[in-house]
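**Student:** The listed protein sequences derive, respectively, from chains A and B.
So for the first sequence, the numbering used here puts the first residue at 1; every next one is plus one.
So for the second sequence, the numbering used here puts the first residue at 1; every next one is plus one.
Not one of these hints is a red herring.
Covered stretches of chain B, as calculated for chain A (at least 3 residues, CB under 8 Å): (1) 73–83; (2) 89–97; (3) 122–134.
27 Å max Cα-Cα, derived DSS-like pairs, lysine-lysine: (4) LYS163/B with LYS138/A; (5) LYS26/B with LYS84/A; (6) LYS163/A with LYS163/B; (7) LYS163/B with LYS177/B; (8) LYS84/A with LYS28/B; (9) LYS75/B with LYS28/A; (10) LYS75/B with LYS91/A; (11) LYS91/A with LYS26/B; (12) LYS28/A with LYS84/B; (13) LYS142/B with LYS142/A; (14) LYS91/A with LYS28/B; (15) LYS91/B with LYS84/A.
Under 8 Å between C-beta atoms, here's a sample of chain B residues computed to sit facing chain A: (16) PHE55; (17) GLY56; (18) LYS60; (19) GLY61; (20) THR63; (21) LEU64.
Bear in mind the hints are in silico, worked out from the structure with no lab data behind them.
Even glycine gets a Cβ: it sits at the ideal position worked out from N, Cα and C.
Number of protein chains: 2
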Amino acid sequence: MITTIGIDADDTLWHNETIFESTHQKYKDLLSRYHDPETVEETLYATEMRNLELFGYGIKGFTLSSIETAIQLTKGEISADEIKTILDFAKNMLKHPVELLDGVSETLHTLSAQYELIVITKGDLRDQERKLSQSGLKQYFKHCEIVSDKTTSTYGRILSRYKIAPENFLMAGNSLKSDIIPVLEIGGTGVYLPYPLTWAHEKPNLPPENHKRFYQLENIRELPELITTLLKAD
Amino acid sequence: MITTIGIDADDTLWHNETIFESTHQKYKDLLSRYHDPETVEETLYATEMRNLELFGYGIKGFTLSSIETAIQLTKGEISADEIKTILDFAKNMLKHPVELLDGVSETLHTLSAQYELIVITKGDLRDQERKLSQSGLKQYFKHCEIVSDKTTSTYGRILSRYKIAPENFLMAGNSLKSDIIPVLEIGGTGVYLPYPLTWAHEKPNLPPENHKRFYQLENIRELPELITTLLKAD
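Generate coordinates for the entire structure from the input sequences, incorporating the hints supplied.
**Tutor:** Below you can see the structure in the form of structure tokens.
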């Protein structure tokens with residue numbers, strides 16, 4: 001019996017990867033007189049992975065890694081004004097208006113009448129709070145958990161904090177690695193809502209199609225009906 | 001009757017401002033051929049305040065503001081290698097070993113036997129988690145709250161999450177603005193533990209010396225005895 005629904009935020013409730021993608025494009029344009037786009041992309045990703053433990057997820061760490069990569073790829077030739085442009089990319093990302101995915105508002109409205117909703121997201125504390133606040137969705141959530149990573153122990157800690165049994169917990173999100181696999185592992189239900197774009201770091205996994213508590217939907221609108229079906233089958 | 005003790009982390013449990021201070025010094029040295037130290041300090045602070053809403057607290061936002069300030073103060077003359085040096089300052093801060101303040105371990109050991117302890121701190125999510133984990137103090141805390149700001153509503157949310165009445169809550173920390181004033185305002189008890197250095201942004205307030213639930217101690221070691229006295233007086 002599902003009583004509590006955890007929902008990811010970036011690329012589940014609102015568009016996020018499209019904003020990163022557009023910044024990546026501008027970044028590659030900026031460095032195009034030094035290197036081809038593939039080299040820029042690969043080197044930036046390598047820097048991000050090397051710095052992940054120190055910087056964590058989010059726009060600020062991404063920006064620090066972008067500056068580091070630009071200095072490295074231009075052998076120190078990049079100008080201060082070009083670095084200023086990278087800082088401006090960051091500010092534009094942080095100020096970017098929140099654009100909800102199709103069906104999100106209505107679905108949360110429906111679900112919140114019957115279940116306890118918790119938003120569970122990674123990233124920078126203040127940035128995620130800003131987006132939640134701007135989204136107009138805050139009213140639907142009983143709790144908001146901004147976490148530094150999404151592992152089995154992260155979910156274990158959240159469930160124990162709110163005294164939720166894993167069998168009563170369903171998590172919906174666009175990352176198999178962060179939203180689905182760890183939740184299935186601790187005994188919860190996982191609903192995968194693929195987003196057209198996925199950051200390389202989030203996509204090593206294949207859907208666990210044969211897992212009995214794994215579901216995949218095309219649109220969040222289908223979630224209330226799926227849960228009703230699950231409850232009937234109980 | 002006090003049942004729960006909230007404790008700030010940076011400059012209450014471990015040294016933090018000294019690390020920023022030493023980075024400020026290196027930063028002023030780096031820019032010394034362009035400007036005098038006072039101008040560098042003032043301009044950096046102005047940039048930090050302007051960016052605070054977007055970047056929040058913590059080393060990553062501080063570093064982005066440092067880079068922006070360096071470009072501004074040198075009119076774009078600063079070299080990529082010098083900016084690389086600022087990035088290295090950031091990494092060194094993020095890797096800096098945790099140095100506990102005098103008396104912290106023993107005091108938390110004593111307090112945790114009798115009260116529920118919660119660490120309540122601002123800053124970058126991952127960085128604060130790393131410090132708590134390295135500090136060896138995690139075992140003493142029932143909960144850990146890393147927040148984007150410390151206002152009356154922040155404390156209100158935490159107390160309501162853990163079902164704590166304000167009159168049962170005491171907060172100890174080195175910032176009057178963040179740790180003491182808002183807690184007194186919601187009806188809790190505030191224990192001010194001054195640290196020799198305070199970031200400009202945290203020091204607009206004077207101690208509310210006549211407030212009946214305000215206390216000031218010189219060392220965290222004195223906290224258990226103060227609480228015992230308060231309980232006897234109840």
